[in-house]
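Q: Letter by letter, the chains look like this.
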Amino acid sequence: MRPVIGGRLLVVGYWWLVVEQYQLGRDNVLDIRNLQARVAGNDILKGITLTVNAGEVHAVMGPNGSGKSTLAQVLAGNPVYEVTGGTVTFDGRDLLALQPEERAQAGVFMAFQYPVEIPGVSNAYFLRSAYNELRKARGQDEVDPLEFLDIMEKNLTLVDMDPAMLNRSVNAGFSGGEKKRNEILQMAVLRPRLAILDETDSGLDIDALRVVADGVNTLRRPDNAAIVVTHYQRLLNHIVPDFVHVLSAGRIVKSGGKELALELEEKGYDWLEAPAEALA
Amino acid sequence: MTQPVYMQEFREFAANGGGEGPSWLLPLRRSAIDRFAALGFPTPKNEDWHFTSVSPIAEREFRVAPAARIVKLSPADIAPLTFGRADWIRLVFVNGRFSSTLSSMAQLPAGVRVLDLATAARDEPGLLERHLGKIADYQHTAFTALNTAFMRDGAVIHISPNVELDTPVHLLFLSAGDASGNAAHLRTLIVAEHHARATVIESYAALSGAAGYFTNAVTEAVLGDGATLAHIKLQGESERAFHVGTLQARQARDSHLVSFSYAAGGELARTNIYTFLGGDGSGATLHGLYLLDGTQHVDQQTRIEHASPNTFSREVYKGILDGASHGVFNGQVYVRPEAQKTDGKQENNNLLLSPQARVDTKPQLEIYADDVKCTHGATVGRLDEVALFYMKSRGIGADMARKLLTYAFAAGVIEAVGVAEIRTELQALTLKRFTGAAAGL
Chain A
1 MRPVIGGRLL
11 VVGYWWLVVE
21 QYQLGRDNVL
31 DIRNLQARVA
41 GNDILKGITL
51 TVNAGEVHAV
61 MGPNGSGKST
71 LAQVLAGNPV
81 YEVTGGTVTF
91 DGRDLLALQP
101 EERAQAGVFM
111 AFQYPVEIPG
121 VSNAYFLRSA
131 YNELRKARGQ
141 DEVDPLEFLD
151 IMEKNLTLVD
161 MDPAMLNRSV
171 NAGFSGGEKK
181 RNEILQMAVL
191 RPRLAILDET
201 DSGLDIDALR
211 VVADGVNTLR
221 RPDNAAIVVT
231 HYQRLLNHIV
241 PDFVHVLSAG
251 RIVKSGGKEL
261 ALELEEKGYD
271 WLEAPAEALA
Chain B
1 MTQPVYMQEF
11 REFAANGGGE
21 GPSWLLPLRR
31 SAIDRFAALG
41 FPTPKNEDWH
51 FTSVSPIAER
61 EFRVAPAARI
71 VKLSPADIAP
81 LTFGRADWIR
91 LVFVNGRFSS
101 TLSSMAQLPA
111 GVRVLDLATA
121 ARDEPGLLER
131 HLGKIADYQH
141 TAFTALNTAF
151 MRDGAVIHIS
161 PNVELDTPVH
171 LLFLSAGDAS
181 GNAAHLRTLI
191 VAEHHARATV
201 IESYAALSGA
211 AGYFTNAVTE
221 AVLGDGATLA
231 HIKLQGESER
241 AFHVGTLQAR
251 QARDSHLVSF
261 SYAAGGELAR
271 TNIYTFLGGD
281 GSGATLHGLY
291 LLDGTQHVDQ
301 QTRIEHASPN
311 TFSREVYKGI
321 LDGASHGVFN
331 GQVYVRPEAQ
341 KTDGKQENNN
351 LLLSPQARVD
361 TKPQLEIYAD
371 DVKCTHGATV
381 GRLDEVALFY
391 MKSRGIGADM
401 ARKLLTYAFA
411 AGVIEAVGVA
421 EIRTELQALT
431 LKRFTGAAAG
441 L
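Line by line, the protein sequences give chains A and B. If you're matching positions, the first sequence starts at 1 in the numbering used here and goes up one per residue. If you're matching positions, the second sequence starts at 1 in the numbering used here and goes up one per residue.
Here chain B stands alone, though its shape is the one from the complex (with noise of 0.2 angstroms):
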């Protein structure tokens, strides 16, 4: 274990940079931090933990990016993982640190700020004060113990009352150069206030090949009362990295978290989607896909926590793997005593495409209230021979007939992304991989 590598840059860390800002800062991150030195790398005993060994991250020595390292990158070179819309409101990290050259904030609608946490802690002490570190638990989870240590890139949103965004923020986090040994500790921070509307992409890149950089990033969102955050990640590291990736969500009434998860780099990756239902009628609805081959080792585990009366909560997860590759799914539905009529469904279906590929799926309701509605299922399986025989007669070939299908297995829940360019980019990624198609469906 390497902990004391972490204290020990947490001192220096403290002396050099992790002072600046707000005078409640500093305390938070050694609050963090000796939560870290507490709590440990999680082990497989811990039950959150049982189908995933960290002891890769563990391991190894990462750290933070000294700005030294910024590697230079121009527009041209970020261009293809735009989207094609040069126009949204976007902010790039490059290897963990906020790259205002390469970002467009400019364009802002009224009601609606969107900083880089420095700046934010520089001008919104009181915004941050409010909320940051109060939603993200640092006292339980390692990760997210140590991200609020180090924390001091990434974003922070601010959506007024009843404002409607239309366009999506985009939070491109890039690694590029020779970014091995990087530990990026990026902090992002959503507030949609009551009857606000928005849509948030965090997207997670590598221009770097096959470098084995860590990436620990934490994000929490507040839903005020009537508010809906559309929040999409997608996880693209490079295939030699780690990632642990944490939302977690706080809703007031009537508000509505809409997620899409997708992960399909990194050798070891773990997101985690949290959501605290606290307000009667709110809801969550969770869709994720996940895509793994190689020796890629991919966990997914998703919380729910329907916390008041009259809460919903829609899950659809599904995961395609091949080589050796391993894919976890843990979901978490927790329905409190005072949840009644809570409704919630969680479907997770898997399609293993080689022998070596493994899957665990640990659908888990706890449910202490009497008057819910909730389901689950778990399905783990190879090609509907129905379907492929359906082809096959109207002329399509064996071996075409089974990519189609297995294209049309992640499609099902691509069609949940309420983005167009990334609904359409996902399509054309997925048609690529599974059919070697260009383009077309």
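Only chain A is shown next, with the shape it has when bound in the complex (with noise of 0.2 angstroms):
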């Protein structure tokens, strides 16, 4: 490197305590740090890092078993997997210790792969019951089945959703388009400082696709993030991510920016299947 010296090092200097300031300002929302899980005695997640600042939506991409579904998973909460090492801070929280309820009040939110039928509670009543429960948990006081109607108008035409599917039993004999839906509205509802989407697109025809896509777009904001986990890049046409991850066994193997997604469409995912190992 060339010595700088005088007025220029102090130039420098000051532009770099700037770039830092900025970085540390950064709004960051989650920070995962060589998190591993597994599932049935089998290591599934192997050390992943990651962060997400406000204002951003990453796409996490692999093959079939690479872990980004269990990523997802245990972001969420979901006591089927077992946290063996990491960390994982939302918020400046340690989101590991929090319940999945916890997580949801906090403001995390992840959309289900498999959305699970509740036959005998309307998705009214659940939908209110969250949203309230997000409420209480903030402070806020709860709302009253007509207020909450109103909040709920807006929210319908958001993701093109009959209101008659209110009065429905949650995701009862819904189709698949109407289950995912479903989770974008109830996204949508409750305004998540972080929404996860959990191969949302899996099993959507191209119109479904678009009414999830315009939702997670519509609710995009500086002040949120979202991780969109998917198998194919046609749902990224249409959310656009600022970043792009690969996972493979259980490892981020390549990170890049949007143009990666199309590569891995031309390329599919043979070509990074080398383990991180080589990489470490």
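Careful, some of the hints might be misleading.
[Said to hold, decoys possible] Label pairs and their computed distance ranges (CB to CB):
hint, chain 1, residue 1, chain 2, residue 2, range
1, A, 160, B, 50, 48 to 58 angstroms
2, A, 145, B, 84, 14 to 24 angstroms
3, A, 85, B, 424, 51 to 61 angstroms
4, A, 256, B, 379, 46 to 56 angstroms
5, B, 415, A, 142, 24 to 34 angstroms
6, A, 91, B, 87, 35 to 45 angstroms
Honestly, the hints are just simulated from the structure, not real lab data. Where is the CB? At the ideal position from N, CA and C, for every residue including glycine.
Two chains, two separate frames, one set of hints: put the complex together.
A: See below:
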């Protein structure tokens, strides 16, 4: 490096400070460090490190069995998965120490790959209960059914959903597309700080995919963030990510911008299968 | 065993009141009490009573309430038990005795007859002679025999051909005041002639707190060609009560029995829903829900006899058991050799909320035809962990998630109730029971 002297050093030093300040001041949402997890005795995540800041959308891609869905489940707190190492900090809090409901109350939302059917509980009641639990956790008053209907109306339009769906049991008898829309509806109503979409695009036709993507795009704000877990690139034509990470065998083997997704679409995952040991 | 008590009581009854009505009635009573004497109360050796001991009933002495002990009630007392519908056709029975003042049978549409049994015995002897005691089997079942010997109060409902009755007929069986030791042998006859349609609700309720009385109810139903009968039984007896209730139906061609049986009351309770699919294309849809707690023992037995080709049955029974309660489900499906193309589905699901709660579930299929489609399934389990996680992941706390899922388990079968007022009331009741919430799903 060329020696730098005098005023120029000061100027560079000043800019370095500004950049560093800016970095520190970045609104960090999620900080995953060396996360490891297993299910049924099998190690799935083998050291994931990932930082997500406000305003960013991160796509997590990878072949079947790479651990991308596990990452989503672990962040949401699915008790089936056992965390064996690493840390996850969410808005400065130790996320792994929180129960699933506490994570939701803190602002984490995961859209399920397979939304669960709950016959007997209406969609409206379920959503209002969730909404009120979140408000209570933030020290706000609960809303009554009428106030809640107002809130719902706007959000129903967003996901192009018939209001009659609110009176039906949660996901019971819904088509695949309806279930995914219902997930996005929940997301719209609960307005999470961090949204995680766990292969929301799987099994969707192009119209349903567009509705889901439009919903996510509309909800994109400078103060929230999203992790989009997907197997296919096509969702990313509609939800344009800021970063793309490729998982293989429980590790991030490559990160890049949105163009990485296109490269994966073209070349498949095989060229990345070389595990991270080579890089380490 | 206290059979002699009933024999003695029968002799008194035969001499005083039991001989009233048409001439064939007393011989029918005598024949029934003889069968009861021969059969005795069932023991667990009896296949149909394998999981339920009736010795708590057999060892006590229950007597028919004398008229002098009839408790005076006002319409306001029964208002909470009328589903907010004062306008329904309603017969009210207090401690086993018909109360004309509390009943309302004035506004009957043309082609519909609704009477109390004693009045029917006087005014409609022909109708009774054709059907009474012809469907409910007292030859082989002791409780039906006992009921047949002592029946005096109950309802008779007749729907003429092609008449569709939109308003439900509500039979309200109440215990009130000091009902301990009472026996109520209630007998109801429902005749839906060809292409008739009706809804009959039987509800059993206690205004008397924890009285130890015995309800022994039998309902016979005749469904003519193309008739539809919706029968809703709501068993909410007192927590110390004993209840044995039987619905026995006989169905002609293309008729449909739609039964819903709710059981939440009683210390020892048994409900039998029996139907005979005697006509081509006839079918039965049976739904049931039992909610038990404490030391309750509640047993539901269903028997669907497919005796004609192209008959169908659909059955879903669900139970939620808490405390040290004991539930029994025995679902019999009998397919006769001539009942080809029978289509039967049976399901029984149970949710155990406490380690002391117990359920015995026994699907029982006997199939003697070779071209049939019959399935059955039974589950006993705890709440679905995936659904629990789903709710928690939306911010709903573990405790509330459990309560809501328990409610939802029951609500799934409540949706089958065809009468909106009753569906709403059962939803509110179960919501309160399992979540403590006052209203609004």
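Q: Could you tell me whether the CB distance from residue 256 of chain A to residue 379 of chain B stays inside 46 to 56 angstroms?
A: holds (49 angstroms)
Q: Holds or violated: 35 to 45 angstroms for the Cβ distance of residue 91 of chain A and residue 87 of chain B?
A: violated (59 angstroms)
Q: Please test the hint of 48 to 58 angstroms on the beta carbon pair from residue 160 of chain A and residue 50 of chain B.
A: Given a distance of about 56 angstroms, which is inside 48 to 58 angstroms, the answer is holds.
Q: Honestly, do residue 145 of chain A and residue 84 of chain B meet the 14 to 24 angstroms range at C-beta?
A: holds (21 angstroms)
Q: Per the hint of 51 to 61 angstroms, is the separation of the Cβ atoms of residue 85 of chain A and residue 424 of chain B within bounds?
A: holds (52 angstroms)
Q: May I ask you to test the hint 24 to 34 angstroms on the CB atoms belonging to residue 415 of chain B and residue 142 of chain A?
A: holds (27 angstroms)
Violated hint for the displayed structure: number 6, the only one.
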